[in-house]
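Trainee: Now for the letters of each chain:
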Amino acid sequence: MQVGKPILYSYFRSSCSWRVRIALALKNMDYEMITINLTKDGGQQFSEEFQALNPMKQVPALKIDGITIGQSLAIIEYLEETRPTPRLLPQDPKKRAHVRMISHLLASGIQPLQNLSVLKQVGQENQLTWAQRAISSGFNALEQILQGTAGKYCVGDEVSMADLCLAPQVANADRFKVDLTPYPTISRINKVTAGLEAFQVSHPCRQPDTPPELRA
Amino acid sequence: MKPVSQQPLGFRILHRSPRCHPGPRSQGLSQGREVQVGSRRGASCLPDSALASSGQAAQSTRASSPQFSEEFQALNPMKQVPALKIDGITIGQSLAIIEYLEETRPTPRLLPQDPKKRAHVRMISHLLASGIQPLQNLSVLKQVGQENQLTWAQRAISSGFNALEQILQGTAGKYCVGDEVSMADLCLAPQVANADRFKVDLTPYPTISRINKVTAGLEAFQVSHPCRQPDTPPELRA
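If you read the sequences in order, they're chains G and R. Under the working numbering, think of the first position of the first sequence as 1, with each following residue one higher. Under the working numbering, think of the first position of the second sequence as 1001, with each following residue one higher.
Honestly, the hints are just simulated from the structure, not real lab data. All residues carry an ideal CB built from backbone N, CA and C; glycine is no exception. Keep in mind that the hints are not guaranteed to be accurate.
Label-pair ranges, simulated between beta-carbon atoms [to be verified]: (1) PRO211/G to LYS1142/R: 34 to 42 Å; (2) PRO1234/R to PRO182/G: 37 to 45 Å; (3) LYS152/G to LEU1236/R: 14 to 22 Å; (4) GLU1071/R to ASN37/G: 41 to 49 Å.
A short, non-exhaustive set of chain R residues, derived as facing chain G with CB atoms under 10 Å [to be verified]: (5) SER1069; (6) PRO1077; (7) ALA1129; (8) GLN1146; (9) LEU1150.
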C-alpha cells in the first residue's frame, strides 16, 4: 500500500542518484524530489535531519511504500521486484548475472573510488590522477567484459540496470578528462542510451537543482 | 574438458561443503559441473559462505599466478577475486555471484521472500560491498601509501559501521535482517574480520558485534573462514 508519491532524495550531479532517476523514468513512475546539496553548508547530507532518514549520509535515498532505502542498486532492485514492467533485468538468470556483474563493477569497483568523499581525502593536487586511474582501470575491465555480453546495450539488446550504471560513469569519465578512445564499446552504448528519453530527463543538466551555468 | 589434473591455475582441492552428500552429482566433478572458487581473502569469503550455506560441492582452485597474470585476466578481466565458473559462464563481483546462486539454487534462501526485507538485505550488503570494502582493499591501500594505510582503512570502516549500526536498529533480529541468515550477514562477517585486522574499536557497534558473534558459530561461516582455506599460510591456519 503506497501512501503518497515516492520521494527521492537526490543531488543533480550524483552518479548514484542519476542511476535511480533513470530507473524511475524507465518505469514511468511519478515521484517527488527533494534535493540535497552535497557541497553547500558543508554538505546538506550531514544534517541531523537527513542522517536520521539515511544513516549513510549519502544520496540517493528513496522513501517508498512506507520504507526508506539507501544504496542505488538496492533501490533499483526493489523497484524491479515491485514494479516489474518494463524490465530492468532480463529474465534469464545467466544474463541477470551479467547485468549485475557489470552494475557492481561500476557501482563498487569504480564509482566509490572517485566519489566526492574520497577525492576530498586524497587532496586536491592528487584528485585528477586518482580519479582517472580508478575509471581507466575499471573501464579496461568493462570493455573486455562487454565483448562477451553486449548487443545494442551492455547485455544483449534490452536496456538494463547495467546501462543505468554506465551512463553516469561515462559522464564522470568526461568530467575527469579520461580518454575514451580505448573503450569503443562503452562509448557506443553510452551514445545509444543518451538518445533515450529516460536518460535525457534524468540527466544532471536538467534537474531542479542544476546550477544555471550547467543547465541544458 | 581437460582432466582435472591438467587444469590450469594451480592445484585443485575438492571442497566439500558440510551438507553435500556424495552422489552422482559430486562424482562427476572433473566432468559435468565445474565450479571454481577464488582464494581465501576478503570478498572471496562471500561466495564460499554462500556455497556452503546452499550445500554445494565446489572445487577450490588456488590462483597460483597472481591476479594480474594474462591467464587470470582472460578468465576475469577485473583481475580480482572472487570469480565463479558455473553452468558454463564465469561471474565476477561477489554480490552478482551470490544473487545468481540464489536464483538458480533457491534453497536454503539467502534473501527473504518479502520485497521490503530484500531491499534491506541489499541495502546493507551494498553498504558493506560498495561503501566500505572497496575503500580499504589491497589495491587502494597500495595507492595511499604505507604510512597512511591504517588511518585510511580505519576511517573507511568506522564511517561505514557508524551508518550500519544505526540501520541495524531498524532491521536486525537475530541476524542483520530479521531472524534468518541472509546475504547481508555474509557481507558483514568478512568486514568485521577486516575491522579487527585494522584495529578498529568495535565498542561503538554492539549490534554488529553481536550478529558477528552469532554467525561465527555457524558451520558455513566456519568452513569458509580465511584460516581454513587451501591457501591459508601455516602461521595463520586454525
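Trainee: Determine for every hint whether it applies to the structure shown.
Mentor: Now for the hints, and whether the structure bears them out:
1. PRO211/G and LYS1142/R have their C-beta atoms about 37 Å apart, which keeps the hinted 34 to 42 Å range intact.
2. Distance hint for PRO1234/R and PRO182/G: a CB-CB separation of about 43 Å, consistent with the stated range 37 to 45 Å.
3. At roughly 48 Å, the beta carbons of LYS152/G and LEU1236/R sit outside the given window of 14 to 22 Å.
4. Judged by the Cβ atoms, the range 41 to 49 Å given for GLU1071/R and ASN37/G holds: they are separated by roughly 48 Å.
5. Nearest Cβ of chain G to the Cβ of SER1069/R: about 15 Å, over the 10 Å cut. The hint is violated.
6. Evaluation of the PRO1077/R hint against chain G yields a held restraint, the C-beta minimum of about 4 Å falling below 10 Å.
7. For ALA1129/R, the interface hint holds, since its Cβ comes within 10 Å of a Cβ in chain G; the closest pair sits about 6 Å apart.
8. For GLN1146/R, the shortest C-beta to C-beta distance to chain G is roughly 16 Å, which exceeds 10 Å, and the interface hint is violated.
9. At a threshold of 10 Å, the smallest CB-CB gap from LEU1150/R to chain G is about 14 Å, leaving the interface hint violated.
Hint compliance for this structure: hints 3, 5, 8 and 9 are not met, and every other hint is.
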